[in-house]
Amino acid sequence: MMFNKRHILLTIYLASLLLAKAFPMNDTLRIGANERTAGRINGTVTNVEGAPLGGVIVRAIHLPDSIVKGGAATDTLGAYEIDPLPFGDYILKCDAIGYTKGFLRFTVAEDKPIISANPIRIDITDFSLGEAIVVGKVPLVTVTDDTVAYNASALVTAEGAMAEELITQIPGAEITDDGKIKINGKEYSKILVDGKEFFGDDMAATLQNLPANIVRRIKTYDRRSDRARLTGIDDGEEHNVIDIEVKKDMFKGLVGNVGLSMGNYDRYAERANVNKFRSNQHAAIVANLNNVNNPAFSERGNGASNASRQARTGYTASKSVGFTYAKDKKKVYKISGNVRYSFSDADNESERHTETKYASGAEYYSDNKSRSDRKRHELNANFEWEWHPDTLTTIQIRPNFSYNETDNSSQSRGIASRWLGKDTDTLQTTNSTNSLNVNGSDGLSASTSLLFFRRLSRTGRNISFSGSFSYSNNDQTTNVRNFATYNLRPLLNRNYDRFIDGNTYRYSYAAGFNYTEPLFKKTYLQLRYNLNYSYSKTDRLGYEFKHEPEDTIFAISDIDWSNIPIDTTLSNITTNRYLSHSFNLSMRHITTKMNLNYGIHFNPRTNEANYILGQRMDKGLVKQSLKNWAPNLHFKYRFTKRNSLDFNYNGNSSEPNVEQLQELIDKTNPQYIRYGNPNLKPMFTHRLNATFNMYGEKSHRSLVTNWGYSNTSNAVSTMSFSESATGFRISKLMNVNGQWSMNGNINFNMPLDSMQRWNFSTVSSCSYNENTNFNSTPLTNKKLRNLNITSLQDIAFEDIDALKDEARVNHTSSVRLHQSLGLRFRNKGFSWRIGGDMSYYKIRNSVKNGLSRETFDYTVSANFQAELPLNMQVSTTANFNSRHGYSSSIQKNICVWNAQLSKRLFKHNAGVLSFQIFDILHQRTNIVRTINALSISDTKQLMLKNYFLLSFQYNFNTLRNKRHMARNNNQRNQQNNRNGINNRNNRNNRTGNNMRGNFQNRMGNWR
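Residue numbers for the sequence shown follow the working numbering, so the first one is 1164 and each next one is one higher.
Hints are all accurate, no fakes.
Label-pair distances were calculated between CB atoms; the ranges are:
#	residue 1	residue 2	range
1	Glu-1512	Ser-1904	26 to 36 Å
2	Ala-1959	Thr-1310	51 to 61 Å
3	Ser-1904	Tyr-1698	25 to 35 Å
Just so you know, the hints here were simulated from the structure itself, not pulled from any lab data.
Positions of the beta carbon are idealized from the N, C-alpha and C atoms, including for glycine.
Using the sequences provided together with the hints, build the complete structure.
What follows is the structure, encoded as structure tokens:
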């Protein structure tokens, strides 16, 4: 009897443990049974030996309609959970490359909402190659609808790399010097992490602070505007976005790293980032400190570059810290926000060679050397809140804030010459300059936007209202001292010392209304109206100091401003008002394979400029009005889920910026005075784009093509004049027609074997641009006298139009061709890539003797990475560039070679000790070619050349540690249970033997 009691108690105890594990007391289970409509399933996937498998795709397929109701990917311990799952019968399907498929049938019911499934075992799919077993790899590229996904595990990166290195490994991807990201010719304006904001529009913040080893996939697609996503009606306002998908096993834990690097020449780099990911939220704290030209945040606001890569030239020391948070509680609310601060101190040097040719045959050459020192502080904050008070209503608010301070000083020396002709074939010096520029600026900007959306019926009827407001205030001071010598006209020799005190103030607001009405099945009518108003004021006061050339530059704070009159030729106070109305009527038709949206757009707008101070004070108020009509069309056809065609046309207007509308833009350089034009008209641009995606699910071949065309009316161009004896130039902005461009890109990827170890990629692109401007031949002294002008230096804005007859229309056409080939190989512990690029560029001018130049750029690149014994890794990259068609001062052949050796340390390889050496051959350089109608400039900038870093990085993952501890505890518990059962069995056996012995003894005694 005692034996039965023990078994009964043991059974009750084990059952209670299983019930407690399967039905934890949480908020979900406190919901009454009559309120529950869904449950969940969890379990593990292992191989036939019972080892956990990570990265297995698990889908819950509803029966009998075969609709996928949910899915997940297993983590590093093979665990998965699909939540929620509506009540019903299901088949669980497990897919993993290189493994057989696994299936499990189950039912989620009201009386059993939570299913803890038994482990699903799947076997390796082997390919008979003698005795070898080859395990499949993930494809490099997959395409679904308009989404192109690149698998991070198929890209080659070194230990400790950030997400930026993954982007550069994508076929057809490039990060330009100004920080723009282009993939297959398309420019991307935003980076998301798991579909959520990470650091707002700051792409550099994401690329420089997100570790590459936590990235699963990089997806690219066109993201519609907030209004279009809510209404379901395409408004043509799409943005190309990059969406970085984080590995699922990084969820529910802290993931990050801390790194310290020291090198020669006092180089250092410190980095720390902590990320917390969950299925519906993420948070991150990042900090950076380095002097290796690696700023972690982009620059915004007044006088800032568009992204961080601009600072890759020269020597830059930077500090930054940032925090970001996002949470998406589906169908209830969504919040995200970030705050970031950065400081940079940049020293730069550059050399520029410029060649200018005119229709008359005159040729001019100039050489300039400059150096600068720039310090900048910046603080940015962004926030987004989206609320769903009920299932029909959505409210969205987005405030932003930015503040920056910049101090900059620069010095330059230049010399200019003119060619005396074929007879002498010599150069004659026309002028030389030496200038010093000190300026400071600070800017404040803030904005907010509001969107209210309401569904009025289930049939597609909805209404939305939107509004926005923005404010900016920028102060800037500039002190320029310039010493100019004119060899052919010494009477014009002058020393300039000018001070400009400027302020630009701007505010704008916008309001919009949108209504959608279902007409009949799958067809909708949309009415849309938008109002945009902006006001700006430019307050620019200029002073010119009279003193001897040998006087030193004095502090601005020591000046007695009461004794210095304002120089009206350097000053300008202008206000500008811009008002735009936009009316749009469109139709949308939807089928399972087709999406057609077409309509018409009407855009009346007015622009008013009021001149308060300057040479145009007598003009007072100048007003202009324009109207534009344009159709819009968006057509998308899905041949299959992975093959689609997307065609889009739209037209939109944009007003000139505040600087362009100024009469005087910049007169601080006495050699080149730039004038704006208060009479500039708003521009209107027509854009046409087509994209075709094709992907073979079995062959893993992908083809992505896109083509584009744009044409701009009233485009802003320049009218330029120059003097033959001094080389002095002036330019004035004006509206022109005839600006258009077209481009095309083809990207093809294919594996060369069934196991995806070998991969071939090719990218072909071409572009053609046509621009229009006005230029004159150099004006001789005689011509200037005939025009009653002593020198262009003293010409008034009103008198520039008197020179129009001297200007000639010039059409500049340029063509660019690019071809790239790449071959990749990857296997366990070994991977490499080799690629070749060829770029051809040609420019032609319509004027006689105008510049026509062509260049060829060839690049051969190689990446190599291998696992070594003792848990070590070696990686290296090399890029060889050969240039043809550049100026003689530009180095033609350059090879940049970097290498890294790393050693993994500690449990779970948490530590990485590495030695990196950059530019081993001391050949790194940066050359930028700038071409306009008459001139070609080649600029060589200072670069951070050969140096090395000894680095230590510690990677932490609290989820991994918790799971490791849990697994050890489970193993210990299982072992203890086994030991306990064995002990009980032994005791039971002993008890049984004793009982049987006693019984036999008693029976023997009875016999």
